[in-house]
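Participant: Top line first, the protein sequences correspond to chains A and B. For the first sequence, position 274 (counting from the first letter as 1) is numbered 274 according to our numbering, and the numbering increases by one without interruption. For the second sequence, position 351 (counting from the first letter as 1) is numbered 351 according to our numbering, and the numbering increases by one without interruption.
Treat the hints as calculated values from the structure; they're not laboratory data. It should be emphasised that the depicted structure is a prediction, and the values quoted were computed from it without experimental measurement. Positions of the beta carbon are idealized from the N, C-alpha and C atoms, including for glycine. A portion of the hints provided could be inaccurate.
Reference listing, derived: stretches of chain A covered by chain B, where coverage requires no fewer than 3 residues with Cβ under 8 Å from a Cβ of chain B [what the hints assert, rightly or not]:
| # | stretch |
| --- | --- |
| 1 | 8 to 18 |
| 2 | 40 to 49 |
| 3 | 78 to 86 |
| 4 | 164 to 175 |
| 5 | 184 to 190 |
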Amino acid sequence: MATTLVKGNTAVVIGALYAGSDCFFGYPITPASEVLHEASALYPKLGRKFLQAESEEASINMCYGAAAAGHRVFTASSGPGISLMQEGVSYMAGAELPCVIVDIMRAGPGLGNIGPEQGDYNQVVKGGGHGNYKPIVVAPNSVQEMCDFTMLAFDLAFKWKTPAYVLADGVLGQMIEPFTYPEKAVVPKIDTDWAVAGIPETRENLVTSIFLNFDQLGKFNDYLQEKYAKIAAEEARVEMLNCDDADIVLVAYGISSRIAKTAMDEARKAGLKVGLFRPITLNPFPVKEAKALAARDKMTFISVEMSNGQMADDLRLAIECKKQVKLVNRLGGNLIELNQISDAINAAAK
Amino acid sequence: MEEKIIRTQGIYSEFPRKGPSAAPAATHYCPGCGHGIIHKLIAEALVDFGIQDKTVVISPVGCAVFAYYYFDAGNIQVAHGRAPAVATGVSRARDCVVISYQGDGDLASIGLNETLQAANRGEKIAVFFVNNTVYGMTGGQMAPTTLIGEKTITCPDGRDPLTQGYPTHMCELISTLKAPVFVERVAVSDIKNIRNARRAIRKAIEIQAEGKGYTFVEILSPCPTNLGKNAVANNEWINTEMVKEFPLGNYRDRTAEAERVERTTSDFSTESLEKLFELDSIAAPIEHKDPNFKESQVKIAGFGGQGVLSLGTMLTQAAQAVGKQVSWYPSYGPEQRGGTSNCSVIISNDRIGSPVVYHPDLLVAMNRPSLEKFQNDVKPGGIIMYDAIIGDVELPKGVKGVAVPAQDLAIQAGNPRGANTVMLGVMLGLGLTGLPEEAFQTALAANFAKKPKLIPMNLEVLAFAQKWVKENVK
Ligand SMILES: Cc1ncc(C[n+]2csc(CCOP(=O)(O)OP(=O)(O)O)c2C)c(N)n1
Ligand code: SF4
Numbered sequence: 001m002a003t004t005l006v007k008g009n010t011a012v013v014i015g016a017l018y019a020g021s022d023c024f025f026g027y028p029i030t031p032a033s034e035v036l037h038e039a040s041a042l043y044p045k046l047g048r049k050f051l052q053a054e055s056e057e058a059s060i061n062m063c064y065g066a067a068a069a070g071h072r073v074f075t076a077s078s079g080p081g082i083s084l085m086q087e088g089v090s091y092m093a094g095a096e097l098p099c100v101i102v103d104i105m106r107a108g109p110g111l112g113n114i115g116p117e118q119g120d121y122n123q124v125v126k127g128g129g130h131g132n133y134k135p136i137v138v139a140p141n142s143v144q145e146m147c148d149f150t151m152l153a154f155d156l157a158f159k160w161k162t163p164a165y166v167l168a169d170g171v172l173g174q175m176i177e178p179f180t181y182p183e184k185a186v187v188p189k190i191d192t193d194w195a196v197a198g199i200p201e202t203r204e205n206l207v208t209s210i211f212l213n214f215d216q217l218g219k220f221n222d223y224l225q226e227k228y229a230k231i232a233a234e235e236a237r238v239e240m241l242n243c244d245d246a247d248i249v250l251v252a253y254g255i256s257s258r259i260a261k262t263a264m265d266e267a268r269k270a271g272l273k274v275g276l277f278r279p280i281t282l283n284p285f286p287v288k289e290a291k292a293l294a295a296r297d298k299m300t301f302i303s304v305e306m307s308n309g310q311m312a313d314d315l316r317l318a319i320e321c322k323k324q325v326k327l328v329n330r331l332g333g334n335l336i337e338l339n340q341i342s343d344a345i346n347a348a349a350k
Numbered sequence: 001m002e003e004k005i006i007r008t009q010g011i012y013s014e015f016p017r018k019g020p021s022a023a024p025a026a027t028h029y030c031p032g033c034g035h036g037i038i039h040k041l042i043a044e045a046l047v048d049f050g051i052q053d054k055t056v057v058i059s060p061v062g063c064a065v066f067a068y069y070y071f072d073a074g075n076i077q078v079a080h081g082r083a084p085a086v087a088t089g090v091s092r093a094r095d096c097v098v099i100s101y102q103g104d105g106d107l108a109s110i111g112l113n114e115t116l117q118a119a120n121r122g123e124k125i126a127v128f129f130v131n132n133t134v135y136g137m138t139g140g141q142m143a144p145t146t147l148i149g150e151k152t153i154t155c156p157d158g159r160d161p162l163t164q165g166y167p168t169h170m171c172e173l174i175s176t177l178k179a180p181v182f183v184e185r186v187a188v189s190d191i192k193n194i195r196n197a198r199r200a201i202r203k204a205i206e207i208q209a210e211g212k213g214y215t216f217v218e219i220l221s222p223c224p225t226n227l228g229k230n231a232v233a234n235n236e237w238i239n240t241e242m243v244k245e246f247p248l249g250n251y252r253d254r255t256a257e258a259e260r261v262e263r264t265t266s267d268f269s270t271e272s273l274e275k276l277f278e279l280d281s282i283a284a285p286i287e288h289k290d291p292n293f294k295e296s297q298v299k300i301a302g303f304g305g306q307g308v309l310s311l312g313t314m315l316t317q318a319a320q321a322v323g324k325q326v327s328w329y330p331s332y333g334p335e336q337r338g339g340t341s342n343c344s345v346i347i348s349n350d351r352i353g354s355p356v357v358y359h360p361d362l363l364v365a366m367n368r369p370s371l372e373k374f375q376n377d378v379k380p381g382g383i384i385m386y387d388a389i390i391g392d393v394e395l396p397k398g399v400k401g402v403a404v405p406a407q408d409l410a411i412q413a414g415n416p417r418g419a420n421t422v423m424l425g426v427m428l429g430l431g432l433t434g435l436p437e438e439a440f441q442t443a444l445a446a447n448f449a450k451k452p453k454l455i456p457m458n459l460e461v462l463a464f465a466q467k468w469v470k471e472n473v474k
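Next up, chain A with everything else stripped away, as it sits in the complex (with noise of 0.2 Å):
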């Protein structure tokens, strides 16, 4: 096992090279330019492609040929850039086509600054462009995930042939932590089932999400909506630390569950229940596990995010709105504080 110190953008690339990823296209844009900058130093050295775009739209569109071909491909970005990929993200979903996405979160709207902030949960967790999709959304919380959730959102877009987003922020990718290595690399293999490679075996094949007929594009919908729904059974993922006996719950994802988890630390400390839902997929929502706290007889949600209460919008659905879900957020590149957290623990606890 290699232990070493390493910055969360720098461990999303290793995570992208052991994942089997050989092409990366990318465009500039702090706090995510650092993914561009290791891709562009690392994947050449394997003989792997890096390029860099002359637009977000071109990334995502040359990404949309690279997985077209076959090949495990992703791209990065922020909000701003984030908003100009979804209709490349669109047509990957339209086309069953696996692509993995970075967002390295800054805040909004507009050209807002580089600060953290969680405002893309909207855009990428519901999927932010036309028509009736979803992407996979994975949401690590440290260095390491920032490395394993990237392999796993790849793993994912190939599983479920759809794109697929590591939603992080820019705390996570600035920060430096421990880190250990993957301990083996992905070999990927072209699915000549699918894939358009210009080669003999895939000369048949189509790539494409057209379909006139309004019947024929309403089944393949449907086909969509099937797949979701089993992704949505099957793939939501969770942390939950301390939820067995809380009856107040902090339901935070990505640098928000961090200062949450000191918070819950120090409520506990208080001798205050307090638990932490930590969602890993933020689509698929833990929708089971939700419900399942919801259903006690004592129980409050907080969800703490730094976003207008974007995923407490999701919590709510999920528990169908049978208990309270208090927000506690901040906006605008500050990261939340931890006495904000306290302070709403302590109102609920009292």
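The hints should help you fit chain B with the ligands onto chain A, whose structure is shown.
Facilitator: Chain B with the ligands in isolation, oriented as in the chain A frame:
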């Protein structure tokens, strides 16, 4: 006499991808449309050069969005204007023949950026640009190539350059770039022109078969439906009017000197990754048992350039060297403005929650603004180390202050840029973080691994600072 049907090579004989149809061999194009002829010329060339198996045809939005009904090759349908980007992705991933088949709205309007950038990079792709002066698929709106005075649905009085600009000349534009290998404008408006178009298209395909780089063939093509003309009149109009604005001919041909563009082979082996990351040079953690070890939260702050962030990383490396849980987080973004910077380091036996230190056990302040900004956050019983250069200070009650002449000591130790290493040595001398000396030495070696000359210098500073603690701090 027996009827003989000569089938076009490289085109499917029926087009079942259209779904059930009474006439499966009928195309979806209008009578008199130029797309059919152009498809045929491209497909025949693919067959002649024997590259159908390794060809990927990309059809973006436009009337030719259904090019995949016809081409007997791999097919990818893509978004409006993005074909050159998709083509780039395919071509970079795989060393195959890639064809981007685009209309004028697609290529010269919404996709102009992708068009020029792919050309400028000299991507190994053949772009076939069908210029019919209108948006066909969406019903005849003005295109970038609409002629002055030409009427379309969105310029019903004819294109007026004062409000709608002038026709865009793509061959001329692309031939200003260095990378393209072959650029030519042809037409499919009569037999002679079609023969010439055939030659240019074959040449472009041949260049792709040889992997030599970017080719661009613009084809003036009729759209009788949207030009409100019959097929004959439309072709005549191309020959008399359109060619005046868009002169036929070759704009670039450096086939002779162009060489094959090679692509690298991806290495996926675990061994190569381990070599790349030098995993065998990663040392196992130093054995260090300390039952009295307590978590410490450290905030380090100062001007940019005072080595604040690297002091933080050195401390982090020291903690990592003995296998502790540790996190380092730099201020970035809004806080970074104004030339001051800070970082948080947490060292613990347990999993670390927030990586941001709100209430440090130890504050290291390298300048006055940093001291004033953070001194009131320090935990009761905590320690503030500050550079003695700051002068008189008024520290909060219940906090211990250590004035370290960091700048001076660094200079005395012969390393004027080592003030941050002095602070590290003082931390060690005071036993503040519960980490052993060996961990700090390892950290210095790791931190200066890329400039090994600096390692002994900094080790000296570290020892010098420890000695200073012994002699000066009670
Ligand atoms: C983002 C986007 N905007 C607009 C459209 C609608 N649209 C479809 S085809 C087309 C025009 C295509 O014209 P051209 O490229 O000249 O090809 P032609 O149909 O003439 O062959 C437009 C605007 C679209 N599909 N996607
Ligand atoms: S609209 Fe014009 S370009 Fe489209 S198929 Fe008909 S004739 Fe051809």
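Participant: Against this structure, judge whether each hint is valid.
Facilitator: Each hint tested on the structure:
1. 8 to 18: Coverage by chain B holds for the stretch 8 to 18 of chain A (3 residues, Cβ < 8 Å).
2. 40 to 49: This one holds; 7 residues, not fewer than the three required, reach chain B with a Cβ under 8 Å.
3. 78 to 86: violated (count 0)
4. 164 to 175: With 4 residues closer than 8 Å to chain B, the stretch 164 to 175 of chain A meets the three-residue bar; holds.
5. 184 to 190: holds (count 5)
The earlier numbered hint that this structure contradicts is number 3, and it is the only one.
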